[in-house]
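K.L.:
Residue strings, one per chain:
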Amino acid sequence: MLDIHLKKNYGNFTVETAFTSEGHGVTALFGHSGSGKTSIINMIAGLVQPDQGRIVIDDRCVFDRAKGINLKPEKRRFGYVFQDGRLFPHLSIRSNLVYGMRRVKPGDRYIQFDQVVDLLGIEPLLERHPATLSGGEKQRVAIGRSLLTSPELLLMDEPLASLDVARKKEVLPFIGRLSSELSVPILYVSHSMDEIFNLADTLVFLSQGKTMAVDSLETVTARPDFQQIAGPMESGVVLSTLVQGHDSERGLTRMEFPGGVLKVPTMGAAVGQKVRIRIHSRDVAVSLKRPSQTSFQNIFPTTVTEVVKARNGDDLVDVSINVGSTADLPTGSLVRPPGCSSIIISTITRNALRELDLKPGMQIFAMIKAVSICSGNF
Amino acid sequence: MEFFKLTPLELEALKLSLWISGWAVLASLGPGILVAWVLARKQFPGKALVDGLVHLPLVVPPVVTGYMLLLLMGKRGLIGGWLFEMTGITFAFNWKGAALASAVMAFPLLVRAVRLSIEAVDQGLEQAAKTLGAGPVDLFFTVTLPLIFPGILTGIILAFARSLSEFGATITFVSNIPGETRTLPLALFSLTQMPDGEAGAMRLCIISIIVALIALTTSEILAKRMERRIKGEV
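Protein sequences, first through last, are from chains H and C. With the numbering used here, letter number 24 in the first sequence gets 24, and the count goes up by one each step, no holes. With the numbering used here, letter number 160 in the second sequence gets 160, and the count goes up by one each step, no holes.
Rather than coming from a laboratory, the hints here were simulated on the basis of the structure. Remember, predicted model here, so these are calculated numbers, not experimental data. Careful, some of the hints might be misleading.
[Unchecked claim] Straight-line C-alpha distance at most 30 Å; calculated DSSO-like pairs for lysine-lysine:
| hint | chain 1 | residue 1 | chain 2 | residue 2 |
| --- | --- | --- | --- | --- |
| 1 | C | LYS96 | H | LYS72 |
| 2 | C | LYS42 | H | LYS72 |
| 3 | C | LYS96 | C | LYS75 |
| 4 | C | LYS224 | C | LYS42 |
| 5 | C | LYS96 | H | LYS75 |
| 6 | C | LYS231 | C | LYS42 |
| 7 | C | LYS224 | H | LYS168 |
| 8 | H | LYS169 | H | LYS67 |
| 9 | H | LYS289 | H | LYS369 |
| 10 | C | LYS15 | C | LYS224 |
| 11 | H | LYS72 | H | LYS7 |
| 12 | H | LYS7 | C | LYS5 |
| 13 | H | LYS369 | H | LYS274 |
| 14 | H | LYS67 | C | LYS47 |
| 15 | H | LYS263 | H | LYS274 |
| 16 | H | LYS105 | H | LYS210 |
| 17 | C | LYS5 | C | LYS96 |
| 18 | H | LYS105 | H | LYS67 |
| 19 | C | LYS231 | H | LYS169 |
| 20 | H | LYS263 | H | LYS168 |
| 21 | H | LYS105 | H | LYS75 |
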């Protein structure tokens, strides 16, 4: 159990956050650069002192302003993976890895050297020096070095931000395995929707130093203000789905979500498996009439719940629509019965909005191309 | 070749110079690194004054430094008198005094070199060490110190070279006593004052230049090698 309450004043900028999360899985801090993400993680690590608040993990208090508790970073037992790796240049990879481990009492170690080396695939690097490693290799070693302190919490500050796409794909799966295989709770700072979608269980959504929302990835991504931050290319919602069945004849997999069934191109997941689905707002089209003779595999009757105009000054509009159980909803109501409907978001042009004259409460149809749907396995 | 044969007096001056300079550097190394670290990393009231005091020997005439040492550290000096009464140790007119004078004169050079290298250390690495469980002293010896080694080496050589060439403060503080405080520069000075001392003076001149050149090139080579090792290129 992680319990964080923090406030710090930087002149005319105040960073403030409060959230609790379960003691396992990945909690992601998401926001623009300058939203206070790194500041918060530095306060948790003890590198920056908050003005007010408390930091408690599993009943162990490492900071409490009111009680005058302020553990030094070296006493907190939190691992920290920095954006830039920060391997010690004068030490070999092996010495880097055991630097923190040596400083932990053997009785407190729950992660073993061989385990980490295997998991991260860094055996061939052990006798080398940091200067000879690629960016992706350095980051894997940095992760290993933090893990070997057997941390009670692993802090990761955009560990993939300095890597190119290929290196990102190399490191990302390892991070996912940390929380599942080693059961290390992770606090993950990022402004990349890709990373969040693949890793996060809980999302802490920050904007300009304020905490806007703390909830599951599915719930937070359905918020219109979250879309503003994600940007036109990244915006979209995340749905939890259950694989219902495969239709090999038609080359489709049916996936059940709260509010309906999605058809996607055949995927490797087994029937009954939980799969996380991402639906980009730019891939959702809307129509006032049910379209016929179309390539869209997914057509849902929906209700408009919200229209958010003028994103960042450009000519796009986000339309939030409620899929499923639309008949039960009173016109214009934003309340949805849990479990039987989902919010998805469609980004359309200002001109399309004018032509369709969309208003909250209108019954419209949403169309999603099957091939546009991304999945992640969790 | 006969020209290069050192007289016992000249040999004594060379040995004494190396001995005194060695001690001067050895004794000022610890305090030098500490002062450099404090100046590089700490903010406190009066920091400018401390900085100024450290650099003073670099800018005042060496004779002033020597005279101040005489007043402070002499047998009847403010500190020297007390030290003599408590421990029986004195710096007055012996090689220890010459080493002290050399150390004080070389101190600013040592501190500058070390301070610059401390300021160049990425503090992010020290933060990383903290999150890995290293306390302040631990991280200084396992991260900061290895990273500033080339700077320390440069500081040592500079200080050593400065000690070898020390003249004004030494002759003012501990005088020019053969076998005790008569280092190379002082011996050279004495020879120039003697009617037939020209050959000896020239020999000492050449020796001074050779010793200085050896010190400088050695430091350059060692620092380069050290830097490569730290960056892991070897």
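K.L.:
So, for every hint listed, does it hold in this structure?
P.N.:
Now for the hints, and whether the structure bears them out:
With a C-alpha separation of about 44 Å, the suggested pairing of C/LYS96 with H/LYS72 is violated against the 30 Å cut-off. For the suggested pair C/LYS42 and H/LYS72, the alpha carbons sit about 18 Å apart, so the restraint of at most 30 Å is met. The straight-line distance between the Cα atoms of C/LYS96 and C/LYS75 is roughly 13 Å, inside the 30 Å bound, and the hint therefore holds. With a C-alpha separation of about 29 Å, the suggested pairing of C/LYS224 with C/LYS42 holds against the 30 Å cut-off.
At most 30 Å may separate the alpha-carbon atoms for a hinted pair to count; C/LYS96 and H/LYS75 exceed this at roughly 45 Å. Pair hint C/LYS231 plus C/LYS42 holds up; C-alpha atoms about 27 Å apart against a cutoff of 30 Å. Distance check on the hinted pair: C/LYS224 and H/LYS168 sit about 35 Å apart at the alpha-carbon level, beyond 30 Å; violated. For a cut-off of 30 Å, the pair hint linking H/LYS169 to H/LYS67 is broken: about 44 Å separates their Cα positions.
Of the pairs offered as hints, the one joining H/LYS289 and H/LYS369 holds, with about 17 Å between alpha carbons and a cut-off of 30 Å not exceeded. Distance restraint check for C/LYS15 and C/LYS224: the Cα-Cα separation of roughly 29 Å lies within the 30 Å cut-off, and the hinted pair is therefore satisfied. A threshold of 30 Å between alpha carbons decides the hint, and for H/LYS72 with H/LYS7 the separation of about 18 Å falls inside it, so the pair holds. The straight-line distance between the Cα atoms of H/LYS7 and C/LYS5 is roughly 77 Å, outside the 30 Å bound, and the hint therefore fails.
For the hint linking H/LYS369 to H/LYS274, the alpha-carbon distance of about 21 Å falls within 30 Å, and the restraint holds. A C-alpha spacing of about 34 Å is found between H/LYS67 and C/LYS47, which places the hinted pair above 30 Å, so the restraint is violated. Between H/LYS263 and H/LYS274, the direct Cα distance comes to roughly 15 Å. Compliance with the 30 Å bound is thereby established for this hinted pair. Proposed proximity of H/LYS105 and H/LYS210 is contradicted: the alpha carbons are some 38 Å apart, above 30 Å.
For the proposed pair C/LYS5 and C/LYS96, the alpha carbon gap of about 29 Å is at most 30 Å, so the pair holds. A threshold of 30 Å between alpha carbons decides the hint, and for H/LYS105 with H/LYS67 the separation of about 28 Å falls inside it, so the pair holds. Annotation: proposed proximity of C/LYS231 to H/LYS169 holds, straight-line Cα distance about 28 Å (limit 30 Å). Straight-line distance between C-alpha atoms of H/LYS263 and H/LYS168 comes to about 29 Å, which keeps the hinted pair within the 30 Å bound.
The straight-line distance between the Cα atoms of H/LYS105 and H/LYS75 is roughly 12 Å, inside the 30 Å bound, and the hint therefore holds.
Hints 1, 5, 7, 8, 12, 14 and 16 from the list above are not met by this structure, while the remaining hints are.
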